Structures are given as C-alpha cells and as structure tokens.
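Peer 1: With chain E's structure known, arrange chain R on it following the hints.
Number of protein chains: 2
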Amino acid sequence: MQLTQFTDLSLRLLIYLARLPEPGMATIAEIAEYYQISRNHLVKVANSLANQGFITTTRGKGGGIQLARPANTIGVGEIVRKTEVNMNLVECFDAPNNQCRLIRNCFLKATLYEAQRAFMTVLDKYTLAEAASLDANTDLSALSSGKP
Amino acid sequence: MQLTQFTDLSLRLLIYLARLPEPGMATIAEIAEYYQISRNHLVKVANSLANQGFITTTRGKGGGIQLARPANTIGVGEIVRKTEVNMNLVECFDAPNNQCRLIRNCFLKATLYEAQRAFMTVLDKYTLAEAASLDANTDLSALSSGKP
Chain E
35 MQLTQFTDLS
45 LRLLIYLARL
55 PEPGMATIAE
65 IAEYYQISRN
75 HLVKVANSLA
85 NQGFITTTRG
95 KGGGIQLARP
105 ANTIGVGEIV
115 RKTEVNMNLV
125 ECFDAPNNQC
135 RLIRNCFLKA
145 TLYEAQRAFM
155 TVLDKYTLAE
165 AASLDANTDL
175 SALSSGKP
Chain R
35 MQLTQFTDLS
45 LRLLIYLARL
55 PEPGMATIAE
65 IAEYYQISRN
75 HLVKVANSLA
85 NQGFITTTRG
95 KGGGIQLARP
105 ANTIGVGEIV
115 RKTEVNMNLV
125 ECFDAPNNQC
135 RLIRNCFLKA
145 TLYEAQRAFM
155 TVLDKYTLAE
165 AASLDANTDL
175 SALSSGKP
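Protein chains in written order, with this note's numbering: chain E, 35 to 182; chain R, 35 to 182.
None of these hints come from the bench; they were simulated from the model. Nothing false has been slipped in among the hints.
One copy or any two copies: either way a pair holds, since identical chains are not told apart in the list.
Result set (EDC-like, lysine to aspartate or glutamate): computed pairs, CA atoms no more than 20 Å apart in a straight line: (1) Lys78 - Glu118; (2) Lys159 - Glu148; (3) Lys78 - Glu67; (4) Lys78 - Glu125; (5) Lys95 - Glu56; (6) Lys143 - Glu164; (7) Lys95 - Glu64.
Source: prediction; values computed, not measured.
The following block holds chain E by itself, in its conformation from the complex:
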C-alpha cells in the first residue's frame, strides 16, 4: 500500500512552495537541492502540477514556480486524486480490464471501496496550508536559501 513517488514528490514540492514567504516563488533547482532529489524528475513533477492548475510558471530571470492558488484553498485529497494516476486498489477497480471472475458477487470489493473512501475522507479534511504548517522550532531561513 503505497502512493507513487510521483505523488510523494508532488506533495513535497507543493509543501515547499506553501512554506515560502510572499511572493512564494522558487526555482526547480532550489527545490531539487533542498530535497536532494533529481532535478529532471522534479521538472516532470512541476510540469504536471502546472497542467493540473496547482502551480504557475514564470519564465526568464527572476522567474520560477509558485502556487496558483492560496495553500488554504488546496485540499490534500485533491492533490492525491490528481497526482496518483492509479487509484485501483485491486484489479476489479479497473472495470474495463478486470479479469477476476468474482466481480459479480464479491463483497470484498465493497469493503475495499469503503476503506478507500475513508482514506480519502481524511485527506479531504486537510488543506495544503495545514500539511505545510510548521512548528515553532523550524528554521525558515533554510527554506528560502535552499540550504540545510
């Protein structure tokens, strides 16, 4: 039971942006260095997040990426639903490709659906602003400088 690395990195990128002081702009290079992850991988994540309307991109010198909307209007559940390409817990969730012959009389499917709904209901309770919230001990300068 895992979320994809793509979703994991999407959440981290958005949390980074949500924690920045106004105007909340950062470069991919800065975020990649902060998390010590592949810049190329993060470019793909950023492109996807831009296509989904979570971030906007400003080109040129002084440009970068920033949240397209306030962090307190972006739901964690919304992010996971849009970045997680496959929400099919088991084969029969993918009706067109299902081959399991229990399909017509399987209470397990209903059980798993109920569990997945409970999972998403929790994520829908929280916004990106809440997920990104810091405790009093956090060193904010580390975020804006991209340094540890």
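Peer 2: What follows is chain R alone, placed relative to chain E:
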C-alpha cells in the same frame, strides 16, 4: 494507490476457500483454473499464506489446501497487513531509509498516517466470511467443480 498483486491473489485464494462447502479443501490447480491465473504464482501465494497461518496443506492424493481457521475469525485487515509487504505510503513512513528532510516538522506525515489508519479500521470491521459472502444468485457448483 494500489495493493500489490500478491495481496490481491491472497484475498482471492482465501475467498475461494471460504466459499467451499465442508471440508473446504481445494487444490492449487483448481483455484488457478477458476481464476485463470498462473499456477506457479498461486503456489507462491499459498506457501506464504501457509507460513502466515491462514491455510494448512495436506499432501498426497485427495490432499490440497484449506483454511486453518474458520473464515469468521479471520479479519480482512489482518490479511492485508500480513500480505502487503510494504505499508509505507510515502518515503518517510520507512524511517530507517527516509531521506526527506521535512521529517522533523511535517504535518503531512500525520495526515497520511491518519488516512491509513482510517483505511485499516474499515478493513478490520470485516471478516473473510463476510468478504466471501455470496448473494442468492451465485452458482456454487462452479466453485467446487472449478468450472465456470
């Protein structure tokens, strides 16, 4: 967000056994044929389920596999916890190997933990007997004969 195919097949195998009339014994070949899945794959699943105490194996002619305990004493949550090798939703759930530097001040982790607990709480409500329950229209003869 997916369960592994190993968990999917474990659940299907256990549901098959739970639906059988007494003494509830079946062969791997019969179950593989019923679901139209690889026999070799199912042998691995059955070995794992035997090691975890969900099924017992009887060798020789007339032998096969059967549930080690009544289906109404086996929780769906228990099956998923034991068959799903990786319950680490995101990297930081795996503390020894985590590289995400948000770890010390990340409310997202708490959010995801809460969601996973909600997921498992639903599965813990149901037993294998309930997951395997049939509606009135099911052709039981198809199960015991291994034929469609």
